[in-house]
Amino acid sequence: MPDARTAPKPVTKLDTVEVAAQDPDRQQPWADLGLKADEYARIREILGRRPTSSELAMYSVMWSEHCSYKSSKVHLKQFGEIPQETPVGKMLAGIGENAGVIDVGQGYAVTFKVESHNHPSYVEPYQGAATGVGGIVRDILAMGARPVAVMDPLRFGPLEAADTHRVLPGIVAGVGGYGNCLGLPNIGGEAVFDETYLGNPLVNALCVGVLRHEDLHLAKASGVGNQVILYGARTGGDGIGGVSVLASETFDADGPAKRPSVQVGDPFMEKLLIECTLELFAARVVAGIQDLGGAGLSCATSELASAGDGGMHVELDRVPLRDSSLAPEEILMSESQERMMAVVEPGDVAAFMEICAKWDVEAVVVGEVTDTGRLQIDWHGERVVDVPPRTVAHEGPTYERPFARPAWQDALQADGAEALPRPATGDELRATVLRLAGSPNLCDKSWITDQYDRYVQGNTVLAQPSDSGMIRIDEESNLGVAVATDCNGRFAKLDPYAGAQLALAESYRNVATGGARPLAVSDCLNFGSPEDPDVMWQFAEACRGLKDGCLELGVPVTGGNVSLYNQTGETAILPTPVVAVLGVVEDVTRRTPTGFAATGEQVFQLGATREELSGSEWAHVVHGHLGGRPPAVDLGAEKALGSLLADGVGLLTSAHDLSEGGLSQALVESCLRRGIGATVRLSGDPFVELFSESAARVLVTVATEDVARLTELALEHGVPLTRLGETGGATLVVEGQFDVPLEELRATWTATLPAALS
Amino acid sequence: MKIGVVTFPGSLDDVDARRAARLAGHEAVALWHGDHDLGGVDAVILPGGFSYGDYLRCGAIARFAPVMQEVVDAARGGMPVLGICNGFQILCESHLLPGALIRNDHRKFGCLDQRLVIENNRTSWTSAYADGQEVTIVLKNGEGSFVADEKTLDMLEAEGRVVARYVGNPNGSQRAIAGITNEAGNVVGLMPHPEHAVEDLCGPGTDGLGFFTSLGAVGLLSA
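Chains as they are written, first to last, in this note's numbering: chain X, 1 to 758; chain E, 1 to 223.
What the hints contain is simulated information worked out from the structure, not anything from laboratory work. Quick reminder that beta carbons are idealized off the backbone N, C-alpha and C, glycines included. Check before you lean on any hint, since a few could be wrong.
[Stated by the list, open to error] With a Cα cut of at most 30 Å, we get these calculated DSS-like pairs of lysine-lysine:
1. E/Lys108 <-> X/Lys445
2. X/Lys36 <-> X/Lys90
3. X/Lys358 <-> E/Lys2
[Stated by the list, open to error] Simulated coverage check for chain E against chain X, where a stretch passes if three residues somewhere in it have a Cβ under 8 Å from a Cβ of chain X:
4. 5–19
5. 51–64
6. 67–79
7. 191–197
8. 200–213
Extracted from the complex, chain X is given alone in its bound form:
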């Protein structure tokens, strides 16, 4: 491979700052790069001249929806109104950093974030999903943390659809192929099927990292004279314009044709990058750091400079290339994976390079921090970029997109599922329990999750199908963290404000069932086109709901990601505000397991059941119906339930959240977890008791001698308590209604995915 510095210069005349001044009226392909006329005019105004083609490339990717949050930020800023502290302390870094960092005690901090990689995963499922994992892992690494676990909330079209069979195996193999090769346990996630995701699957990826307080690193370039080092993989032509549009044909037509806009991942390089970076942190030779993700070098240089002392000079021709014919615009826009940029004091450069050499990671000084207040980039000695970095990174356009409650919302809400025909007899109830257990959203997901390594690192305390994933972070003290992600998009469609709160409530509850104390939220807000006022209303309502919910629960939003334009033609996806909640566990050895743990124990339901069937899995599976109002939100009840579950650690022998599929599915999963049956008695309408999806409910067990203590605990926390029955046997018995042998339940529950996908 030729050295980048000796590579031939592009044959076309370089568009420098000087050329731009001399040739002010040149036609530029701003529209092809995804910029609007007024945005292009604003760039000209900022610079006082037309941008060079390199500057245009940078602005176009950095002002894209993905990077600038231009449609969403007016709504996201309300998350800043939530006090920036968790129930156990102040946040160490908040929104705006690569990922939020929270104190979890004993000198440890934890960082976590969930991001989307939806569109690339539709175009190229394996690489799209793989690089989604790679990107979020580098975000966590850039905070100074060792990544310790990943999770992947996924959404697909109907299980039987041909396109689902195209994208699902590739996405799952990509998540597994990349994450497994990094040595990160995959501890949970979601797999949801709905027709609105056909043609627009959602691939969200979450990573959790752990660090000591003193190891926190921030993305800023401070200290004039400090060296800017690019290290990791070489820069290639992949992923150009991945965040805006496929843009290659607008540049040098003599270069390699049509660059792929989906990036290609190399997890082995990422593993080296992780270990190398952690060693660099430990050696204290990093003054500032930023990962290269969306918008590549454009993002890293402008964000580092903007957050630091405000100036940076880069010699772009020093960037090591995989393809020596790349033009400066392409190098600036490339989203080649497995790259990081560090700011290093001059005296530390030698030590930095030595550590990179040990890990066989290529590293090059590409520039330095200056006090000019400008980001200046040269190409073979000629200036191709000279811009105020803030205007690229932080002062992009902001839109107040029009939004309005959709005209159809009232009719949708009036069409409640409570009016649909219901199973009436015991036999009909039995058939419904089985039908739901084998339905795509509720069936066993091990066809997917068995492709992920959940054991590596040896600290996985809970993983799927438990309500939350739980990781030990200290082997001496047994301190740990738990994380869950949830969202019911059907609820969000019926009422996006309530739907976002229900997602928050479910995730909060799932962390609490394991015995963890919920501390903080990260979100991945997946919606349709912001140019559709209906969608924008859904987005605005969901943000408002999430903010109000977090305020009430006392948990901050530490960061997250917005993915818009998730729609096929006129049809938007279900509004899908995926909410991740992270909690802390003082002693992971005392966690509460999901699912019945022993025979002869007493089964209780915590929380009250109302007749709430709209948006339920029953309405979806049996009637293909979506209408009405979602279950009522009662965050006070969720909080009380959460504190009961925390106080009940050691008393509760198992706990399982009631959500999709209601009590019916919670019983099925609790029985099948360890092959322990149960006999239960239902006091009210058995159909409503089994299939309603009221929130703030958990199925728990206690030893017979502890019933009185549980009763006291429920009274103390004001949580309704209903005795359901006992565990034991090899059958699920609903007295007076029906019974199902676990063998039959298991056969039904496990058959669905293998039958559809193998």
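Take the given structure of chain X and dock chain E to it, following the hints.
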């Protein structure tokens, strides 16, 4: 004993293997792929992972790492060596063990709590088990299907060198072989991961601990 655990670029279960050695009462020593000596260790573990990205072929590049020359020499001299998953692949590539590991017959990565039967408890790494003992240990790999020619398979069976066999056959391994040993019994290759079954908290029980406690029982092999 001092147990060295080699870290290659791309090794993933090295930390876990060191933890398992410690829990079994040994001193764990980190060895680096570029090392030219074994630092005075009494035994070596080649851990799981994707050494050198598993590019070319699993274990094919690791075999040429400087430290491997030392490991091969020590193994030939009788030092106990355990290769787990990728380590097993490296041992095959290094010709310390016969056969090869190819892609699972179901063509997917699989992570399972797998039942095995220990069929040879006379090796350096299995003396803590009873012959015929059934254990549950994590199996996780994409290329774990053991293959060898019929003659080699017959030889392994005849000489009692099948160390562990799967209950059921999760990946299409010939004769359901999960692990084998060399003639001397000091080198063992095992596809499943005993280091992930050493604590009740973070795995399917503690059935894997025996692989690491076996090392304390000296003399079995030299006899």
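Structure-based check of all given hints:
no.	hint	verdict
1	E/Lys108 <-> X/Lys445	15 Å, holds
2	X/Lys36 <-> X/Lys90	41 Å, violated
3	X/Lys358 <-> E/Lys2	25 Å, holds
4	5–19	holds (count 7)
5	51–64	holds (count 4)
6	67–79	violated (count 0)
7	191–197	holds (count 3)
8	200–213	holds (count 3)
In summary, the numbered hints that this structure violates are 2 and 6.
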